[in-house]
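Protein chains in written order, with my numbering: chain A, 1 to 545; chain B, 546 to 829; chain C, 830 to 1381; chain D, 1382 to 1707.
Everything hinted at is true.
Pairs of lysine to any residue residues, derived as SDA-like cross-links and limited to a Cα-Cα distance of at most 20 angstroms, are as follows: (1) Lys490/A - Pro347/A; (2) Lys1448/D - Pro133/A; (3) Lys1448/D - Gly431/A; (4) Lys1561/D - Pro279/A; (5) Lys413/A - Asn318/A; (6) Lys522/A - Val39/A; (7) Lys148/A - Glu1449/D; (8) Lys148/A - Thr135/A; (9) Lys1403/D - Ser662/B; (10) Lys148/A - Lys1448/D; (11) Lys82/A - Lys231/A; (12) Lys1448/D - Asp132/A; (13) Lys1561/D - Ala274/A; (14) Lys242/A - Ala1573/D; (15) Lys408/A - Tyr433/A; (16) Lys1561/D - Ser258/A; (17) Lys151/A - Val117/A; (18) Lys1561/D - Gln260/A; (19) Lys1403/D - Thr1696/D; (20) Lys1448/D - Thr135/A; (21) Lys522/A - Ser277/A; (22) Lys358/A - Ala409/A; (23) Lys408/A - Ala595/B; (24) Lys408/A - Ala778/B; (25) Lys1448/D - Ser163/A.
These aren't lab readings, by the way, just hints derived from the structure by calculation. Treat the numbers as computed from the prediction; the structure is a model and nothing was measured.
This is what each chain is made of:
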Amino acid sequence: MSPSRTIRSLVATLAGLSLLTACGGAGTSTVDSGSTQPVRGGTLNLSMSLDPLCLDPHAISSDVEQIFGHILTDNLVYLDEKGDPSPWLATSWEISPDAKTYTFHLRKGVTFSDGAVFDAQAVVTNFEHMLDPATRSPLAGPYIAPYKDSKIIDASTLEVHLSRPYVPFLTVLAQGWLGMESPKAIKENTPAQLCEHPVGSGPFVLTGYTKNQSVTFARRADYNWPPDLFKHSGPAYLDGIKVDWVGQDAVRFNSLVSGQYQATGYLPAQNAQAVKSNPNLEYHNNNRIGWPFTLDFNVSRAPFDDLDVRRAFAAAVNTPAIIQTIGFGQRQPATGFLDRVTQFYDPNAKFPGFDPAKANQLLDQAGWTGRDADGYRTKDGKVLEAQLPVTQTATVSPVYNLIQAQAKAVGFKVNVNLLPLTQITTLRYAGDYDLLSGVWHTNTPDVLYIKYASESIPNNKRLGQNLSHLSDPQIDGWLEQARQTTDSAKLQDLYGKVQQRLVDLVPGVPIYDNSVLWATSKKLQGVITDTSHATPVFTYAWLTR
Amino acid sequence: MSAFTATAAVLPRTSRIRLRPGLILAGLFVAVVVAAALVPQLLAPHDPLAIGAEGAFLPSGGGHLLGTDESGRDVLSRMVYGARPSLVMGLGATAIAVTGGTLLGLAAGLGSRLTESLIMRLIDVVLSVPELLLALVVITLAGAGSTNAMFAVAFASIPSYARIVRAQTHIVRRSTFVEAATGLGIRRSTVIWRHVLPNAIRPVLVLSTIGVGTAISAGAALSFLGLGAEPPAAEWGDMLSNGLQYISNDWFLVAVPSVAITLTVLSITVLGRELRRRSEGRST
Amino acid sequence: MSSLLEVAGLTVAFEGTRVVDGVSFTLQRGECLALVGESGSGKSVTTRTLVGLAGYGAHVHADRLRFDGTDVTGFTDRTWRRVRGARIGFVLQDALASLDPLRPVGREIAEPLALHTTLSRAERAARVRELLESVGVPEPEVRAAQYPHQLSGGLRQRALIASAIACDPDLLLADEPTTALDATVAVQVLDLLGSLKDNRSGLLIVSHDLAVVARLADRVAVMKDGRIVEAGTTDAVLQDPQHPYTRALLAAVPSAHAKGTRLSTVERPTVPAPAPVLDPAPGGAPVLAAVGLRKSFPGPDGVARVAVEDVSLTLRAGETLGIVGESGSGKSTTARLLLGLETPDAGEVLVDGTDWSALTPEERRTHRRRLQIVYQDPLSSFDPRYTVDRVIGEALGVAGYPRGIRRRDRTVELLELVALDAGYLGRRPLELSGGQRQRVAVARALAAEPEVIVCDEPVSALDVSVQAQILDLLADLQARLRVAYLFISHDLGVVYHASDRVLVMRDGRVLESGDVRTVFADPQHDYTRELLAAIPRLATHATPPPTPMGVS
Amino acid sequence: MTARGAMAARLAGHPTAVAVAKRIGVRLIAGVGVLWGAATLSFIALHVTAGDAALSTVAGQGANPTKELLDQVRRDFGLDQPLYRQYLDYLGRLLHGDLGQSYQQRIAVSRAITEQLGQTVQLAVSAAAVAVLLAIGAAVLTARRRPWRSIASGVELTLSATPTFVIGIVLLIVFSFTLKVLPVSGNDGPRALILPMLTLALPIGAVLAQVLRSELEEVLEQPFILTARSRGMRDTVVRVRHALRHALVQIVTMSGFVVGGLLGGAVITETLFVRQGVGQLMLSAVTTKDIPMVLGLVVFAAFVYVVVNLLVDITYTLIDPRLVTR
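This is chain A alone, in the form it adopts within the complex (with noise of 0.2 angstroms):
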């Protein structure tokens, strides 16, 4: 299906009807170590929605990785339970104070499939390969934007120079787009290569790539250095993991059921409800560390600019109504401004709920006393409006339509404009819209920075996610002082601080927390969610006979 279901899939799985019911602990590591013992051999296939068109973890931006990143590489770092990096290629690793310099000891042993050693000057070539202009890299160089330059020690410790403090840089390091791929590959093919058929250190090779009809895996034989988490050890006990390209959500769906497919990547939240009553099927709902579903006021142009139209459009979102019209039971409302599973998320920065007299009393105060023919205020002849720029998806869930009854309910005028993917791309970065929706995952509570910092402000130095274009001197001050500890008590106080002042700034409206849904046959076992993404992990999954 088209580029745009990526967006079309994320908006589908939007807020349940009613409260999440009881979902499996976000983020917990351990193997399912199921009764039977772990038989070996078999091939697990697997169901994904939409093919990135490129395989290469450092030059896309796609959700898929976060899933191919664990089966083809492996990472420096693996995220506890807590969300603090553990080691994994990297053994063990010192911050100097500064923050700025981070020196790595690298595990011994480990080669690429391609036979390329895995060393120092290994991981050099792959952060100058996520930087480098050639690779476009839309997500993995931008997380590791402050690198500067780096000092091999010797083959197993490596010393990383940042130009400025940014503690985060450890724990991005453990995402799927950052996983280490072999040098040997990297200097020897071009970025299109690279695309058809990238080479990591991961349990599965890449062995078959036909774009939009299937990938295929196979078994890393000598493979032996997983995540010490993962409290395993040895090659994978699959034979190999074939990859269909499903994109119809319906399609998928009834794929699984009828046993075409023991795993999907992206279940419909429409079909969580029969997969959960589905005897032979497990249904996994995990939330995910990161910015929760939120709505962005650009705070940089009129109306959003008066804190009081802020604050009365949030009071006018009746968010429970939306999770429960298009979330069918599988959505949590958010609280606050950090999904509720990511570090240091503060609980009693509690963001207040929908409450229309109050939405109605603070217009008022506004000056939006004056009512024009439909029903919207009005103030010196000008209607109270508001642009939503919207992209068209086979389809569109329904958010949108709902906020705009909600917002009207108040006299507060929306216009949801419906415009292609490529206008939309240019509307975001040239500022040219007063509400915009999205969701930004991450595995660390960084997330504020990249959305909240004036320096993410889209200008002409870089795009930018700061969409909200808010540029408030104290929450500037807390990021960059996060970035250069790695005292929890620290990070707590500040995230805290940062999260509390984002309730009374109100750049926007979180609606739900976001969760990614996925589900396995019963025949499958060992599966592993990670801790970074929630998505499933197949490195010592198995397939009963």
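Given chain A, put chains B, C and D in place with the hints provided.
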């Protein structure tokens, strides 16, 4: 050469036009669709956009004759309100295509040999690009929404009408009654205006009734690919592609719009064919 | 020996309407019976019913229907198939449409052999060559491999006959076998059919043209509205017709009449009111003249084909000049040159003394009204959307009658002039009969008050009886309005009757011209003699024809 | 009548080979004109309309690239050049048969198309074959035969009125979801081809059958059919041996419609059955404004159109010798 046409008619043609039941049904259905398009508020029990409190995927019965959709909205009301965009797509696209096609066809048919080959090459170019790619390009770059979808479908079907009009113009231009009219001493422009144009255009008008059906179908296809009407407007194609996502939850959501689109296209085509059969019967 | 074909009380109906109503006749071996009648008389359906092919949805009933002693009424399709092609041969009218245009002629002829004989491919090919030779087709080897459209009309018809007699059938049915052919070729094909009929087999021939049948048939049956109104030996029926319809049919054939007498005795139209007399053209100066006309058209493979070469003629007011010639003789092209619809390569066309080419387009337009044309197929000359009123009204508009009462009265006047009442005004030409349409065409021509009316095969598409009425109409109008006619036809009988002077054309050239009586009585050119000999005359083959036209 | 005789006649029937060659030559030049026209029209359409191709390629959903990277990408794509320069470069490359590199897949467009082409051709050819066979079968068996005729045309009318994807959905529901007889999706193996092929073939076959039947019913009224019947040939054999050949001319004329229908239908069928193919490629290329890919697809479609027209022209003369002399 005196071709004497005395061969007896081996097969006496039954020209008596019996009102076949199919025709009546088609006429009735189209009437219902047109009524729904004109005064939806009278026929629809609920507001098509209102999020029903009773919840989603309700089966038919109770307050909702056809049940509710994934957002709890009343399917019957949305179907009634969906009639107008489909008819507007069908009639609008065909009207634009026929006018554009006729102008081009006449220009090619009556103009000089150079203008004719130029226009025919242009038509070849537009025809060479598959209809859907053309529509995709127009919509994706001019923005989705039912008006752009209508123009896209119209633009893609102009060539076929142009070709028909051009061929018909050539036939009429060389026919005996045009020569006879010139023989009467009538000015060339009057002959064209009085005889060539009306006779060249008539078959196209008849064919266009069948074109309406195809345009509705093409519009639904665009909605299926996500390029049709903008939400939350109720539009059959959109409801259909939406319904497909929830096919395991409630197959009604797919069945109702599919049947509606098929029956509408079918009945318009049946009426169109009847019109063509009658007019051909008269003009040969 | 029982008769070859015995038909009694045959009735064929299509959805209730009876097309054949109680027909009875017999055909003996070695005999030729002719079924004669106008279109819609049911003669063709009768013939087809004899091979069980009456058509889709036909209800056939017969008291007795026996072929060579066996009763065929109970035949199923399977039993019919053993008879069709093997024991009964069938020849249709126009071989261009009766032979599969997409298959070589040889394969068509070989088909009956494949169905009914056990001959091998090579033997069939040899048999096909024999058959082609037996029907008089030269170079059978080459012709057999060609497609129907590559053969001449005559050769095609011979090939069709070869296909019908491939299995030596006992009975040969021929439905209008020569109607699509030129007179000279038709005569040869009729003689071929005659020669095929030996003592053992029978021949049933169907035609609308009594004279054609007279040449070949032993007995004749005249059919009208599905019934046989008269039957008997050819001499008896032709010399001493009993039934009024037969008499009218015979009378309507021009060649059977003294020139200048009225043809149509049947339902003589009431004499129209005296029409205003046009002032005759000044002196005897020719109304229309052509000098040394030449016209050629580019052929398909680039070679120019000369259609008209060095044609000159003059036409005076109130006079009828006939142009006669076979297909491809250039008579129609000459007419189009005279009307200014085609520009000649060389030569001049003078209308009232002024040359067409000298006129400016504006002048040419007003000049056009002086020359009007009546086509062979009147329906195609009317705008399909127009009623009779608008057809004539448009012509009157050009002639200066403004919309309104004056135009309407003049229209009614014109209709009466062509013996049609005002009731026809609101009718569409499609709903009228062939004769009525031609009358409307003539009325439209007269509306422009022309000096010359060019009639291009005006009556060829009409039944003999209707043909007669139109010819009389044209004669009456000429006498009253002194309008000149240029009468073009391939039918010498019609031309002889209608024209004062005649031009005989062949391959674009004028062979002979002059007063029609002298040219037809004493033809100078042997091609003219051949044409005259080919006219089917009503005189029976028993007595030699006294004059070329068979009538003093 | 020996085969050699037939061949001699056929050649004798044709004008000199030069005339035929000349006709094909003219067709080719016109074809090149069409290709150029299609490429230029799409080039303008893509560049004129809003939306920045470079931005949409790099800064897709969830991406956070830097400005320098964006400018670098614009230089790679040559989008920083003036429009006429880009057009001339594009035409220059087109003449050498180089369709440029896809923005999104970063591989040569020609390679991307050929990669995906296999599946679509497999689907299109099998669908076309089924459609033609169904149409011929339905037309020959039901032309002029009272009860069957109206039943068949009723079914055809419904099928041609039903949008392609509705047929697909119905087939999917019946055979995959409920009966579970055929796989739900995928490209591997013939069984996965059956449903998409039927979805594509049924509507096209329905339209063809209607046209073929009306053509056949007209041909069956021709005198040469009566002649054939009068030779003692069975009705069905007459239809196949004589009438069908005339109707085939109609199928050739409809080939333009069939090819168009196949390409258009392929997009929908591939979307519904999640099959790899040119249709998918077209959809994704247009939505992400992958300009070289869209232009490549347009030129490819125009090329197919020109070739099909040329083949139609040639087959005409083979089927109906009368057309040659016109």
